[in-house]
Structure formats: structure tokens, C-alpha cells
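**Q** Turn these sequences into a full structure, and let the hints steer you where they fit.
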Amino acid sequence: MSILVIAEHDNSSLKQATLSVIAAAKVIGGNIDVLVAGENVAAIAEAAAKADGVNKVMVADNAVYGHFLGENLSQLIVELAEGYTHILAAAGSTGKDTMPRVAALLDVAQISDIIRVEAPDTFVRPIYAGNAIATIKSSDSVKVITVRPTGFDPVAAEGGSASVEQLDVVKDAGLSTFVSEQKAKSDRPDLASAGIVVSGGRGMQNGENFKMLEQIADLMGAAVGASRAAVDAGFVPNDMQVGQTGKIVAPQLYIAVGISGAIQHLAGMSDSKVIVAINKDEEAPIFQVADYGLVADLFEAIPKLEEELKKA
Amino acid sequence: MKVLVAVKRVVDYNVKVRVKPDNSGVDLANVKMAMNPFCEIAVEEAVRLKEKGVVNEIVVVSIGPKACQEQIRTALALGADRGIHIETDAEIQSLQVAKLLKAVADKEQPNLVILGKQAIDSDNNQTGQMLAALAGMSQGTFASEIVIDGDKVNVTREVDGGMMTVSLTLPAVVTTDLRLNEPRYASLPNIMKAKKKPLESISPADLGVDVTPRLTIVKVEAPASRQAGIKVADVAELVNKLKNEAKVI
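Here the protein sequences line up with chains A and B, keeping their order. One point on numbering: in our numbering, the residue at position 165 of the first sequence is 165, and numbering is uninterrupted. One point on numbering: in our numbering, the residue at position 1 of the second sequence is 1, and numbering is uninterrupted.
Derived by calculation from the structure, the hints in this document are not laboratory data. Here the structure is a predicted model, which is why all the values come from computation and not from measurement. Ideal Cβ positions, reconstructed from N, Cα and C, are used throughout, including at glycine. Heads up, some of the hints might be wrong.
Claimed, not checked - Here are some of the chain A residues that sit facing chain B, going by a computed Cβ distance under 8 Å:
(1) LEU105
(2) ASN131
(3) ALA134
(4) THR135
(5) LYS137
(6) VAL231
(7) VAL295
(8) LYS304
Claimed, not checked - No more than 27 Å apart at the CA atoms, straight line, and that leaves these computed lysine-lysine pairs for DSS-like:
(9) LYS20/B x LYS137/A
(10) LYS195/B x LYS310/A
(11) LYS243/B x LYS273/A
(12) LYS32/B x LYS16/B
(13) LYS311/A x LYS243/B
(14) LYS243/B x LYS211/A
(15) LYS211/A x LYS247/B
(16) LYS16/B x LYS280/A
(17) LYS310/A x LYS247/B
(18) LYS211/A x LYS241/B
(19) LYS280/A x LYS247/B
(20) LYS273/A x LYS231/B
(21) LYS183/A x LYS152/B
(22) LYS137/A x LYS16/B
(23) LYS137/A x LYS219/B
(24) LYS310/A x LYS273/A
(25) LYS310/A x LYS243/B
(26) LYS195/B x LYS32/B
(27) LYS66/B x LYS16/B
(28) LYS280/A x LYS231/B
(29) LYS243/B x LYS280/A
(30) LYS231/B x LYS311/A
(31) LYS197/B x LYS107/B
(32) LYS66/B x LYS2/B
(33) LYS304/A x LYS247/B
(34) LYS152/B x LYS171/A
(35) LYS311/A x LYS241/B
(36) LYS231/B x LYS304/A
(37) LYS56/A x LYS171/A
(38) LYS243/B x LYS304/A
**A** Quick look at the structure:
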């Protein structure tokens with residue numbers, strides 16, 4: 001078997017999700033190559049070459065890949081696909097955008113968001129917002145897969161010594177161009193890979209009150225998330241959303257504040273190691289999954305929590 | 001300008017689904033069904049473009065058993081002009097859905113195709129991208145804003161860490177994210193009017209598409225359930241437990 005892993009990065013650093021995808025590739029077994037496509041990505045290629053278990057890193061360094069447009073990336077990947085039995089990417093916004101396109105061009109199905117590998121042709125993935133877990137077998141010659149990073153412990157970032165090969169493949173589909181981007185600037189860790197996540201829900205009442213959560217997050221080195229209800233209410237931007245239709249997180253500690261615990265939210269965080277729920281409604285479903293529940297008004301509890309954390 | 005909107009009939013988002021005892025799938029007998037929420041957003045966006053005068057025809061298409069016509073009628077009541085039902089009782093997977101939609105697009109020649117980013121049953125998030133690839137179209141996935149600008153469309157996309165705006169050459173495929181719009185409810189007069197709007201029924205064979213699935217579902221299981229833990233009396237106890245019992249802070 002021969003596996004091509006598409007590296008996830010932002011042109012400045014290799015995302016940890018890539019190491020989880022390599023881990024999934026190791027479970028499948030066989031030769032593992034990594035494709036780093038982007039603009040000015042020499043350092044990222046070097047980082048990928050050091051990851052444990054990688055045989056070869058291929059680098060496509062060109063402005064046409066600089067904004068990860070799916071139209072261009074998919075053509076590049078299809079060009080490289082021959083000889084590979086599996087093509088894997090993290091189920092982030094780039095992988096989700098690009099991989100179905102790759103699959104369609106190869107005339108194969110795509111398997112989304114796998115959390116386990118049962119066999120080289122059989123994979124496990126959640127459906128219905130995680131209310132059911134499906135085991136799926138593919139009859140296609142090439143398996144095109146997106147991997148849910150929280151399903152696989154990342155391989156070591158150091159210790160590997162893969163060869164690095166420069167590619168001279170420039171694929172511009174000429175269908176789309178980048179206009180602009182607004183990236184949320186934050187010194188906090190990335191939501192998807194943070195060790196601690198503090199999330200707020202509708203109970204926060206407004207966006208201004210999220211500052212309270214930011215303060216306790218900063219004391220713990222945590223990322224700040226939100227429920228869909230908080231996003232729908234316009235309190236915070238959608239990239240903070242944890243849930244079926246947002247980010248899937250599995251931190252060591254997840255603190256849900258003013259979140260009732262709708263199915264679609266639980267789908268995004270119920271694999272967290274320890275869950276804390278703070279909610280004034282004793283009957284809130286979030287308490288059914290919480291290891292530690294505190295029935296309290298969050299506007300009293302959060303300042304107290306901040307005080308306690310400052311003591312430490 | 002013509003817009004094609006695809007809609008899917010799924011379990012209503014409020015229903016908590018149960019896995020069948022024989023692990024063959026999810027029990028859908030006597031369960032409330034509805035239009036996939038992301039598809040509702042797709043229909044709404046098409047209707048708003050029509051209200052702005054940018055679009056003059058909205059064609060809505062759905063694939064599945066006879067009952068899918070309910071969702072097509074809903075879309076017609078919301079403001080779509082004409083429906084196409086691709087009738088089949090077979091299980092149709094994303095790639096085959098994309099091939100069927102490509103065949104419809106070849107016939108209808110829309111300038112824009114709008115779909116939901118994912119269906120809340122299979123959670124795949126594939127069909128729009130696959131359709132775009134097969135039809136050689138550009139794609140704007142996870143859209144939170146759509147602005148038509150001559151022969152281009154500017155799509156603002158929800159991506160990891162923020163937003164990205166891309167300019168796409170028409171015809172294009174756009175998939176909707178949550179914040180694109182808030183769908184309206186159909187009014188009773190419009191529901192009555194929708195009954196008279198044209199709805200054509202065709203089969204996958206009419207479109208010349210092989211719908212044989214490539215993926216087999218080996219089994220479907222209920223997720224490992226998480227046990228509820230303990231209630232703590234106050235913040236001090238909580239912090240103490242997190243430090244000394246769970247050892248996570």
C-alpha cells in the first residue's frame with residue numbers, strides 16, 4: 001500500500017492535524033508520502049520531513065497554491081495520485097473543500113471524517129451528528145479520505161528523516177481567484193488542537209460577556225469556543241463554533257459555560273477527556289455528559305473561577 | 001440568470017435518532033422528516049437573489065423516494081419556480097448524487113448552483129465540491145456571503161481561523177454555511193400556490209447515470225455513551241477537583 005498525505009498548514013507552520021493524519025496513515029500501513037502545497041513553504045516541508053513515519057515529502061511551492069483554492073489543489077493532487085492506494089487529508093476547511101473534488105475527478109467515493117481505521121478498506125466515521133457510528137467499506141481502487149484529527153494521536157514531530165522532492169507542477173484551473181481574508185488574530189491556542197477549551201453558549205447573553213471567558217481562558221492557556229446558539233445569536237464569529245457544523249474538539253479539559261448541551265454541540269466536544277458544565281438550569285442536558293457539573297449563575301461563578309485560578 | 005438549488009429530505013434536526021437493534025442503520029420508521037437545514041439556507045439565498053432582480057428563474061431538484069416531493073413543494077412555496085424530482089428508492093451516495101446533478105445542470109444550464117454544505121444525516125460535506133469538479137465549475141464552499149458581480153460571483157467563505165473571499169467565474173457552485181441568511185417560513189397562500197407550480201419527475205436512468213454505490217455500510221452502532229459525573233457545590237470545590245482529582249489544571 002502507498003499513502004499520500006496532504007499536509008495542512010497556513011504557509012507559516014505545519015498544523016498538528018497533519019501529524020494526526022500521518023498517524024491514521026500508519027494504521028492503514030504502507031509507504032507514506034506527504035505533499036506540501038502552498039507558497040514559500042520550504043520550512044513547512046522541512047518540518048514534514050521530520051515527522052515520524054514519512055518516506056518522502058513532495059513540495060509544490062507556487063503562488064497558485066498560496067490560498068489553497070480547491071480548484072487548483074485538486075488538479076495537483078490528481079496529477080500525483082497515480083500509484084497511491086490512499087489519499088488522506090485532515091478534515092479542516094482546506095481538506096473538506098479539496099478532497100471531494102479530488103475524489104470526483106478520480107471517479108471514486110470520498111470517505112469523510114474518519115475516526116478509526118478497521119482495515120485498509122474499512123473505516124469508522126460518525127453520522128447523524130455523532131448519534132450513530134458507521135463502519136464503512138470502500139470498493140474503490142483509491143480511497144480518498146478526510147481524517148478527523150481528534151480521532152488519532154499525532155505522530156512525533158521529530159525523529160523522521162524523509163527525503164524532500166521539489167515538484168514542478170503548476171496547476172491553475174483559472175476558475176477562481178483569491179480576493180481577501182480576515183483572519184481572527186489571537187494569541188490563544190488554536191481551538192482544534194488546544195489542551196483546554198472554554199466555551200460559551202446562549203447563556204452568555206451577548207458578545208461583550210465573552211470577555212469573561214477570555215480572561216479565564218488566558219489564565220489557563222485555553223482556547224475560547226462557542227455553541228451554535230451563541231453564533232446564531234451573533235455573539236461571536238462562526239469560526240469559534242464547536243459542534244456538528246463547526247469545529248470538533250477533544251481537549252483534556254472542556255468547560256461549557258451557559259451551554260444547554262444540544263445534540264449538535266455534544267457532537268463536537270463529547271470526546272473531551274474531562275468535561276465541566278456551568279449552567280443555572282439543573283435539567284440542562286449538558287450535565288448528562290459532564291464529569292463535573294456546577295449548577296450556578298455563570299455571572300457569579302465565572303468571576304469566582306477567575307479569582308480561584310489567580311490564587312493558583 | 002438561472003439558479004439551480006438542490007435539496008435533501010432528511011430526519012428533522014430536532015429528532016434524536018436511534019440505531020436499529022440489528023445494527024443495519026438508523027431507525028427512520030415514523031420519524032419526522034424535513035428539508036436539510038443547510039438546503040433551506042440555499043433556497044432562501046436563491047429567493048433573495050431573485051428578489052434583488054439578479055436571478056429570474058429558480059429550479060429546485062431533489063433525489064430520492066416519492067416523499068421528496070414534499071421538500072420540493074416546500075422550496076416552491078418559499079419562492080422557487082419549478083421542481084425536478086429524480087425518483088429512486090435506492091440508496092444514492094454523494095458521488096452519484098453529484099453525477100445526477102451534473103446531468104440536470106447539463107440540461108438546465110444554470111449560471112449558479114446552490115447547495116447546503118452538508119446534510120445532517122450522513123454529515124459528508126461532499127456533494128457540492130464533487131458536482132463542481134464533474135461540471136468543471138468553480139466552487140465557493142461554506143459561504144457566508146454571496147455577491148453577484150457581472151460574470152463573476154464573490155463568495156465569502158467560513159474557513160479555519162476566519163473568513164476568506166474568493167472571486168469565482170460563473171457558472172459556479174456555492175455551498176451554504178449557517179450564517180449566510182436566516183430562512184423564512186412559507187406563508188399559507190404561497191403553500192397553496194406552490195401546489196400549482198410545475199414539478200417534473202424523472203429517473204436516474206433517464207439521465208443515463210449509474211447509481212451503484214461504491215461504499216457499503218458494514219454496521220451502524222450507537223456511540224459509547226458518556227456517564228454523567230458529579231455535581232460540585234461551588235467554584236472552590238470545582239477547582240479543587242480539577243487540580244487534585246482530574247489533574248487537568
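**Q** All hints are to be evaluated individually against the structure, with a verdict given for each.
**A** Against the structure, the hints:
1. Annotation: LEU105/A was flagged as interfacial toward chain B, and the flag holds, the nearest CB pair being 5 Å apart, inside 8 Å.
2. The interface hint given for ASN131/A holds, since its Cβ lies 5 Å from the closest Cβ of chain B, which is under the 8 Å cut-off.
3. For ALA134/A, the suggested interface contact is upheld, since its CB lies about 5 Å from the closest CB of chain B, less than 8 Å.
4. The interface hint given for THR135/A is met, as the beta carbon of that residue sits about 4 Å from the closest beta carbon of chain B, less than 8 Å.
5. The closest approach between the C-beta of LYS137/A and any C-beta of chain B is roughly 5 Å, which is under the 8 Å cut-off, so the hint is satisfied.
6. Satisfaction of the interface hint for VAL231/A is found here, the shortest Cβ-Cβ separation to chain B being roughly 7 Å, below the 8 Å cut-off.
7. The restraint placing VAL295/A at the interface with chain B holds, with a minimum CB-CB distance near 6 Å, inside the 8 Å limit.
8. The beta carbon of LYS304/A comes within 4 Å of a beta carbon in chain B, closer than 8 Å, and the hint placing it at the interface holds.
9. Using a Cα cut-off of 27 Å, the hinted pair LYS20/B and LYS137/A holds, with the two alpha carbons roughly 19 Å apart.
10. Distance hint between LYS195/B and LYS310/A is unfulfilled; the C-alpha atoms sit about 64 Å from each other, more than 27 Å.
11. A hinted pair counts as satisfied when its Cα atoms are at most 27 Å apart, and LYS243/B with LYS273/A qualifies at roughly 14 Å.
12. A threshold of 27 Å between alpha carbons decides the hint, and for LYS32/B with LYS16/B the separation of about 10 Å falls inside it, so the pair holds.
13. Between the alpha carbons of LYS311/A and LYS243/B the distance comes to roughly 13 Å, so the proposed pair stays at or under 27 Å and holds.
14. Note on LYS243/B and LYS211/A: the hinted pairing holds, with a Cα-Cα distance of about 24 Å set against a maximum of 27 Å.
15. Distance hint between LYS211/A and LYS247/B is fulfilled; the C-alpha atoms sit about 26 Å from each other, no more than 27 Å.
16. Of the supplied pair hints, the one linking LYS16/B and LYS280/A holds, its CA atoms being roughly 24 Å apart against a limit of 27 Å.
17. At most 27 Å may separate the alpha-carbon atoms for a hinted pair to count; LYS310/A and LYS247/B meet this at roughly 17 Å.
18. Between the alpha carbons of LYS211/A and LYS241/B the distance comes to roughly 25 Å, so the proposed pair stays at or under 27 Å and holds.
19. The straight-line distance between the Cα atoms of LYS280/A and LYS247/B is roughly 25 Å, inside the 27 Å bound, and the hint therefore holds.
20. In summary, the hint linking LYS273/A to LYS231/B is supported, as the alpha carbons are separated by about 17 Å, within the 27 Å threshold.
21. Restraint check for LYS183/A and LYS152/B: satisfied, since their Cα atoms lie roughly 24 Å apart, inside the 27 Å limit.
22. Between LYS137/A and LYS16/B the CA atoms are separated by roughly 26 Å; this keeps the pair inside 27 Å, and the hint holds.
23. With a CA separation close to 10 Å, the supplied pair LYS137/A and LYS219/B stays within the 27 Å bound.
24. Between LYS310/A and LYS273/A the alpha-carbon distance is near 24 Å, which keeps this suggested pair within the 27 Å criterion.
25. Proximity of LYS310/A to LYS243/B is assessed by CA-CA distance (about 13 Å); at most 27 Å being required, the pair is judged to hold.
26. Straight-line distance between C-alpha atoms of LYS195/B and LYS32/B comes to about 21 Å, which keeps the hinted pair within the 27 Å bound.
27. A C-alpha spacing of about 24 Å is found between LYS66/B and LYS16/B, which places the hinted pair at or below 27 Å, so the restraint holds.
28. For the given pair, LYS280/A sits about 12 Å from LYS231/B by alpha-carbon distance, which is consistent with the 27 Å threshold.
29. For the hint linking LYS243/B to LYS280/A, the alpha-carbon distance of about 23 Å falls within 27 Å, and the restraint holds.
30. For the hint linking LYS231/B to LYS311/A, the alpha-carbon distance of about 23 Å falls within 27 Å, and the restraint holds.
31. The straight-line distance between the Cα atoms of LYS197/B and LYS107/B is roughly 20 Å, inside the 27 Å bound, and the hint therefore holds.
32. With a C-alpha separation of about 26 Å, the suggested pairing of LYS66/B with LYS2/B holds against the 27 Å cut-off.
33. Our distance criterion of 27 Å between C-alpha atoms is met by LYS304/A and LYS247/B, whose separation comes to about 20 Å.
34. Proximity of LYS152/B to LYS171/A is assessed by CA-CA distance (about 21 Å); at most 27 Å being required, the pair is judged to hold.
35. With a CA separation close to 15 Å, the supplied pair LYS311/A and LYS241/B stays within the 27 Å bound.
36. Straight-line distance between C-alpha atoms of LYS231/B and LYS304/A comes to about 17 Å, which keeps the hinted pair within the 27 Å bound.
37. The hinted pair formed by LYS56/A and LYS171/A meets the criterion: a straight-line CA distance of about 21 Å does not exceed 27 Å.
38. For the hint linking LYS243/B to LYS304/A, the alpha-carbon distance of about 16 Å falls within 27 Å, and the restraint holds.
The structure is inconsistent with hint 10 alone, although it conforms to all the rest.
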